[in-house]
Amino acid sequence: METMDTYAFCALLGRMKYITRWGLMRATRTENLSEHTAETAVIAHVLALIDTGLPGGQAVRPETVAVAALYHDASEILTGDMPTPVKYKNETLRTAYKALEKESACSLAKLLPEALRPALRPYLTGEALTAREATLLKAADCLSALVKCLEEESAGNTEFRSAKAQQLEKLRGMACPAADYFVAHFLPCYEKDLDELTK
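Mapping the sequence shown onto the numbering used here, position 154 (from 1) lands on 154, and the numbers just tick up by one.
None of these hints come from the bench; they were simulated from the model. Take these hints with a grain of salt, some might be off.
Straight-line Cα separation of at most 20 angstroms, SDA-like style, residue types lysine to any residue; simulated pairs [to be verified]:
no., residue 1, residue 2
1, Lys138, Glu63
2, Lys170, Thr135
3, Lys138, Tyr123
4, Lys170, Asn90
5, Lys170, Phe182
6, Lys192, Ala155
7, Lys164, Thr20
8, Lys110, Thr6
9, Lys170, Arg132
Please take these sequences and the hints and turn them into a complete structure.
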């Protein structure tokens with residue numbers, strides 16, 4: 001009997017819903033990696049559209065940025081979601097974790113049919129993006145974290161106060177006009193209730 005090849009890539013990515021974010025924080029609602037990834041992809045796509053439309057904006061590829069966002073944390077399936085204070089504690093840890101992420105991304109690519117690997121690997125590693133597009137994706141990742149901080153704050157949880165300040169500082173340091181536009185024009189709506197949002 002002939003055996004059929006099978007590929008674990010999609011099934012493994014489907015397990016992102018089991019990876020909990022904010023592991024060291026007391027949260028009113030648990031957030032998983034799938035939720036964060038979907039939200040980051042939406043925000044990244046919008047940021048790329050904003051960036052293209054702003055005066056002085058550059059031509060970026062919104063669809064490419066969105067797809068890269070879908071895969072930006074895929075390596076965490078193999079590494080887990082390492083807490084930010086640990087991941088960025090010093091340059092040695094940061095460098096080691098970046099290398100581990102890249103190795104994990106390459107391992108995930110090997111779970112695809114060989115013909116698909118060249119097309120998907122650059123999204124898993126981030127190499128599909130220009131420097132400007134990579135900044136937009138980092139900003140979207142930050143904004144997704146900021147949205148979580150706002151949600152927790154709205155629920156009366158002060159645990160995320162420092163994280164909120166850190167995300168805002170990180171965004172300011174990116175000097176990303178599209179992210180600044182999002183903070184001014186989109187972010188305030190996350191603090192409104194459903195009736196206010198749908199008026």
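Right, here's what the structure says about each hint:
Simply put, Lys138 and Glu63 have alpha-carbon atoms about 16 angstroms apart, close enough for the 20 angstroms limit, and the pair holds. For the hint linking Lys170 to Thr135, the alpha-carbon distance of about 12 angstroms falls within 20 angstroms, and the restraint holds. Our distance criterion of 20 angstroms between C-alpha atoms is met by Lys138 and Tyr123, whose separation comes to about 14 angstroms. For the hint linking Lys170 to Asn90, the alpha-carbon distance of about 16 angstroms falls within 20 angstroms, and the restraint holds.
Between Lys170 and Phe182 the CA atoms are separated by roughly 14 angstroms; this keeps the pair inside 20 angstroms, and the hint holds. For the suggested pair Lys192 and Ala155, the alpha carbons sit about 12 angstroms apart, so the restraint of at most 20 angstroms is met. Taken as a hint, the Lys164 and Thr20 pair is honoured in the structure, with Cα atoms around 19 angstroms apart against an allowance of 20 angstroms. Proximity of Lys110 to Thr6 is assessed by CA-CA distance (about 12 angstroms); at most 20 angstroms being required, the pair is judged to hold.
A distance of roughly 16 angstroms separates the Cα atoms of Lys170 and Arg132; the hinted pair therefore holds under the 20 angstroms criterion.
Violation of the numbered hints given earlier is absent; every hint is satisfied by the structure.
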